[in-house]
Amino acid sequence: MKLLRNTKINTAGFTLMEIMIATSIAMVLLFGALYSTSETLEVVREGDIRVHTNVNARRALDRLLKDCRYASEVEVEGNEQTGWTIGIDTTGTLAPGELEYTWSLADNSLRVAPVGGETEEVISDVRGFDVDTLTTTIDGVEVVSRISFHFIIGLDDGHATGAGNPNSERTLELAGATWIRRNDA
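Numbers 1 to 185, taken from this note's numbering, label the letters of the sequence shown in order.
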């Protein structure tokens with residue numbers, strides 16, 4: 001009896017070498033996609049940090065400018081090396097009364113307090129703070145008629161609200177000015 005051998009080779013599958021090459025190519029493509037995704041997330045995170053810091057700094061600057069704008073009297077003492085004290089007196093219908101903003105290079109934070117009241121931190125990590133005033137003589141008394149501020153603030157990931165860590169290398173600059181309306185009514 002003669003045995004018939006099937007000499008036909010089954011070619012319907014992949015060889016081990018083809019599977020290894022395909023897996024290697026897939027891994028290279030996967031690592032490339034993961035790398036580009038992580039780079040994209042880092043760019044988004046950096047943008048979020050800049051926006052967060054800018055929003056907090058703008059809010060602090062707007063608050064300071066508004067308090068000065070509606071003041072009946074503004075007194076400025078100090079300089080950028082020793083620190084600033086800005087006394088603001090509002091009267092009439094625009095009360096909070098007397099406020100005192102302070103900034104010192106030692107603690108790098110802008111603080112506000114009603115005279116005799118509790119101090120509140122307006123913004124932290126203020127690395128540079130400069131005040132410029134224009135004075136006018138009214139009824140023989142020299143008074144501040146225009147005030148401008150320039151902040152240099154460290155970028156952070158929430159440090160201004162106590163949630164993050166300051167970064168010593170990156171900063172944001174912000175400036176603003178206002179005329180003092182002398183609200184004596």
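Derived by calculation from the structure, the hints in this document are not laboratory data. Be aware that a few hints might be false.
[Said to hold, decoys possible] Pair ranges (Cβ atoms, derived):
hint, residue 1, residue 2, range
1, Ser148, Thr119, 22 to 32 Å
2, Ile138, Asn54, 32 to 42 Å
3, Asn54, Asp139, 37 to 47 Å
Here the structure is a predicted model, which is why all the values come from computation and not from measurement. For every residue, glycine included, the Cβ atom is placed at its ideal position computed from N, Cα and C.
Hint by hint, here is what the structure shows:
1. Ser148 / Thr119: 22 to 32 Å: holds (24 Å)
2. Ile138 / Asn54: 32 to 42 Å: The hinted range 32 to 42 Å holds for Ile138 and Asn54, with Cβ atoms some 36 Å apart.
3. Asn54 / Asp139: 37 to 47 Å: holds (41 Å)
The structure agrees with every numbered hint stated previously.
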